[in-house]
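Peer 1: Going down the list, the sequences are from chains A and B.
For what it's worth, the UniProt record's numbering labels the leading residue of the first sequence as 1, then goes sequentially.
For what it's worth, the UniProt record's numbering labels the leading residue of the second sequence as 1, then goes sequentially.
A hint or two may mislead.
[Said to hold, decoys possible] Here are the simulated DSSO-like cross-link-like pairs (lysine-lysine), alpha carbons at most 30 angstroms apart as the crow flies:
(1) A:Lys229 / B:Lys7
(2) A:Lys229 / B:Lys260
(3) A:Lys219 / B:Lys186
(4) B:Lys199 / A:Lys128
(5) A:Lys229 / B:Lys183
(6) A:Lys219 / B:Lys183
(7) B:Lys21 / B:Lys131
(8) B:Lys131 / A:Lys219
(9) B:Lys199 / B:Lys183
(10) B:Lys186 / B:Lys199
(11) B:Lys199 / A:Lys229
(12) B:Lys186 / A:Lys7
(13) A:Lys219 / A:Lys7
(14) B:Lys21 / A:Lys229
(15) B:Lys129 / A:Lys219
(16) B:Lys145 / B:Lys186
(17) B:Lys260 / A:Lys219
Just so you know, the hints here were simulated from the structure itself, not pulled from any lab data.
Fair warning: this is a prediction, and the values are worked out from it, not measured in the lab.
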Amino acid sequence: MYAYIVKRLALVFLVMSGVTVITFGAMYLAPGDPAEIIATARYGQDLTPGQIEWVRSTEHLDDPVYIQYLTWLNHIIRLDLGRSLITFDDVAEEIAVRFPTTLTLALASLILSLCIGIPVGIISALHKNAFLDYTTTSIALLGVSMPNFWLGLILIWFFSLYLRVLPSFGSGGISHLILPAVTLGASMAAITMRLMRSSMLDVMGQEYIATARAKGLDKRTVLFRHALKNALLPVITFSGLQLGFLLGGTVIVETIFAWPGIGKLLVDSIYARDYSMIQGCVLLIGLLFAITNLAIDLLYASIDPRIRYDRHD
Amino acid sequence: MALIEIKNLNVHFYSRNDIVKANNGVDLSIGENEIVGLIGETGCGKTILGRAIMRLLSPNVSLEGSILYLGRNILDLTQQEIQAIRGREIGMILQNPAASLNPVLPVGEQVAEVFRCHLGNSVAEAEQKAKGLFEQVGIDPARMKEYPHQFSGGMKQRVMIAIGLAATPKLLIADEPTKGLDKERKWQIITLMSDLIRKRSVSMLLITHDLEIAEAICDRIAVMYAGEIIEIGRTADIMQRTLHSTTHPYANALIHALPKYGMMPIPGEIPSLSSLPSGCRFHPRCAERREDCSQVHPEMREIQDNHLVRCLYRGVSNEHP
Numbered sequence: 001m002y003a004y005i006v007k008r009l010a011l012v013f014l015v016m017s018g019v020t021v022i023t024f025g026a027m028y029l030a031p032g033d034p035a036e037i038i039a040t041a042r043y044g045q046d047l048t049p050g051q052i053e054w055v056r057s058t059e060h061l062d063d064p065v066y067i068q069y070l071t072w073l074n075h076i077i078r079l080d081l082g083r084s085l086i087t088f089d090d091v092a093e094e095i096a097v098r099f100p101t102t103l104t105l106a107l108a109s110l111i112l113s114l115c116i117g118i119p120v121g122i123i124s125a126l127h128k129n130a131f132l133d134y135t136t137t138s139i140a141l142l143g144v145s146m147p148n149f150w151l152g153l154i155l156i157w158f159f160s161l162y163l164r165v166l167p168s169f170g171s172g173g174i175s176h177l178i179l180p181a182v183t184l185g186a187s188m189a190a191i192t193m194r195l196m197r198s199s200m201l202d203v204m205g206q207e208y209i210a211t212a213r214a215k216g217l218d219k220r221t222v223l224f225r226h227a228l229k230n231a232l233l234p235v236i237t238f239s240g241l242q243l244g245f246l247l248g249g250t251v252i253v254e255t256i257f258a259w260p261g262i263g264k265l266l267v268d269s270i271y272a273r274d275y276s277m278i279q280g281c282v283l284l285i286g287l288l289f290a291i292t293n294l295a296i297d298l299l300y301a302s303i304d305p306r307i308r309y310d311r312h313d
Numbered sequence: 001m002a003l004i005e006i007k008n009l010n011v012h013f014y015s016r017n018d019i020v021k022a023n024n025g026v027d028l029s030i031g032e033n034e035i036v037g038l039i040g041e042t043g044c045g046k047t048i049l050g051r052a053i054m055r056l057l058s059p060n061v062s063l064e065g066s067i068l069y070l071g072r073n074i075l076d077l078t079q080q081e082i083q084a085i086r087g088r089e090i091g092m093i094l095q096n097p098a099a100s101l102n103p104v105l106p107v108g109e110q111v112a113e114v115f116r117c118h119l120g121n122s123v124a125e126a127e128q129k130a131k132g133l134f135e136q137v138g139i140d141p142a143r144m145k146e147y148p149h150q151f152s153g154g155m156k157q158r159v160m161i162a163i164g165l166a167a168t169p170k171l172l173i174a175d176e177p178t179k180g181l182d183k184e185r186k187w188q189i190i191t192l193m194s195d196l197i198r199k200r201s202v203s204m205l206l207i208t209h210d211l212e213i214a215e216a217i218c219d220r221i222a223v224m225y226a227g228e229i230i231e232i233g234r235t236a237d238i239m240q241r242t243l244h245s246t247t248h249p250y251a252n253a254l255i256h257a258l259p260k261y262g263m264m265p266i267p268g269e270i271p272s273l274s275s276l277p278s279g280c281r282f283h284p285r286c287a288e289r290r291e292d293c294s295q296v297h298p299e300m301r302e303i304q305d306n307h308l309v310r311c312l313y314r315g316v317s318n319e320h321p
């Protein structure tokens, strides 16, 4: 297990190196001269060549590319992400303010989807092709088919405008969290449920379940001790990937509910061509993806012994 | 009283398009301290019969007839009653140990839980007992914390034997316990199993297609073909080597298909359980068939003491007119 963790950590390091190179490189792949872009952002459209040159030298844009990269990396490692080109706010600080909001929404919708998807999926599998199964499957289909923006608007209309029980935008207490979390969680819950159902059916048909039953174990023990752990593996993979996406911010839902998260920050920055802010966001999203995947791999290994031992560790 | 008495058992599976008649009119009894072999080719319904005794069949099954365990009909038991019998009164070793052990639980735990479930042992007691059992089946108890994928095929089978015998049941149903093992391992496992069950006075239903093994340890042998028992009797009566003996032509053909008795293949194919041939089920492949074999379905007849054969002509005085 120890060797496995080390190997995974090395992989995270590798991925992050790639992410930094690409993020840094993106600045150069963008059309136009970086010095001009930064100067335009600061001083407006009417630039004098002197202003551009001044930016170039103060921002060290005339250094060789690899020196620039290493300098930039040196700052990044010390969590200095620079300043916004537009507002001159500290990028790291801005992200630090926005990220907890995104994290709250991501975790809330993930937990919601797991709390609904897993038990309903199990129930559905146990009542395969019966009324209960068809009902839950139909609801799941509905859940998957509803686009986020549509469901979000419908929820706002019903709960905020019609019933007037929940706020329609902004973040704050639990009441602000409910509508966006439900909007995001609904389709995820539906997919989790379908995945849990098929995985459970697959596992229940395995020979080791027959062995467990042949031992005389009661249904509950067969289900929870012998089937569930095996059946959860695909659900964990899916949920991990989903969490990675959610942590990167969900642009549509954050926009609909005016939820001040990373997704909204990123989109606003892209519109404003705020390159340093974009870099900061992309770096964070890359890092979150790598960490979530690491967490999933470790969780996987803790459940499935074949992964823990099989690599000649 | 016999330990298990199966009477006129029909096991049929209903699907959208057809009915799979896996067991038809099966009569079989197993006495105390008796080893009964159930032999036949793959797909003849042997495994289904073993699972029917444990009521471990898919929900689309229809079970008719009776399976009496010490006089109680297993088919009439409630869920709780059958759970009390499974593992405790009747143990089972499923075929293919590679797939029959849970990949995410330590092997020791998979044995120990039988003690906890049926004998009310505490976690520590159950572990202690499992340890003893591991020694008896020839596995180093230090390996109890390991997982199935760390075990070889033969070792996995030993774990399955430990699971099957943990609560010292009265009957052990062993489904192809030697499948996939090399010759040496095969005999090790068979010797181990027969030693353990004799020591504990456990009866066994040995489901196998390996006639040599059946001959070596079984008291009686039942031969199954296309969902029917076509012959049953003492091992010596079944395993006669001469052609045109008193054994069923199918059993005879099975014996002569063995490498040491000539390795003569049986012509034709195994019939599908969803479209069984008319008359005698074996007639399309039978070298000795006569005209009415394709029309008349033979009943079991006792041709010698305790030796029953399902054939129109075996043991009839005008056998070779």
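Peer 1: Taken at face value, is the distance from the CA of Lys7 (chain A) to the CA of Lys186 (chain B) at most 30 angstroms?
Peer 2: violated (40 angstroms)
Peer 1: Hey, Lys21 (chain B) versus Lys131 (chain B), does the alpha-carbon distance stay inside 30 angstroms?
Peer 2: violated (43 angstroms)
Peer 1: Is it true that the CA of Lys129 (chain B) sits at most 30 angstroms from the CA of Lys219 (chain A)?
Peer 2: holds (24 angstroms)
Peer 1: Given the hint that Lys219 (chain A) pairs with Lys183 (chain B), test it: the Cα-Cα distance must not exceed 30 angstroms.
Peer 2: Distance ~38 angstroms between Lys219 (chain A) and Lys183 (chain B) Cα, so the pair is violated.
Peer 1: Lys260 (chain B) and Lys219 (chain A): Cα distance at most 30 angstroms?
Peer 2: violated (47 angstroms)
Peer 1: Hey, Lys229 (chain A) versus Lys260 (chain B), does the alpha-carbon distance stay inside 30 angstroms?
Peer 2: violated (48 angstroms)
Peer 1: Tell me if the straight-line CA distance from Lys229 (chain A) to Lys7 (chain B) falls inside 30 angstroms.
Peer 2: Violated, because 40 angstroms separates the two Cα atoms, which is more than 30 angstroms.
Peer 1: For the pair supplied as a hint, Lys21 (chain B) and Lys229 (chain A), is the alpha-carbon distance within the 30 angstroms limit?
Peer 2: violated (35 angstroms)
Peer 1: Quick one, are Lys186 (chain B) and Lys199 (chain B) close enough, alpha carbons at most 30 angstroms?
Peer 2: Holds: Lys186 (chain B) and Lys199 (chain B) sit about 20 angstroms apart, inside 30 angstroms.
Peer 1: Going straight from one Cα to the other, do Lys229 (chain A) and Lys183 (chain B) come out at no more than 30 angstroms?
Peer 2: violated (36 angstroms)
Peer 1: Does Lys199 (chain B) pair with Lys183 (chain B) here, judged by a C-alpha cut-off of 30 angstroms?
Peer 2: Roughly 24 angstroms between the alpha carbons, so the hint for Lys199 (chain B) and Lys183 (chain B) holds.
Peer 1: Does Lys186 (chain B) lie within 30 angstroms of Lys145 (chain B) when you go C-alpha to C-alpha?
Peer 2: Answer holds: Lys145 (chain B) to Lys186 (chain B) is near 25 angstroms, not above 30 angstroms.
When held up to the earlier numbered hints, the structure conflicts with 1, 2, 3, 4, 5, 6, 7, 11, 12, 13, 14, 17 and fits the remainder.
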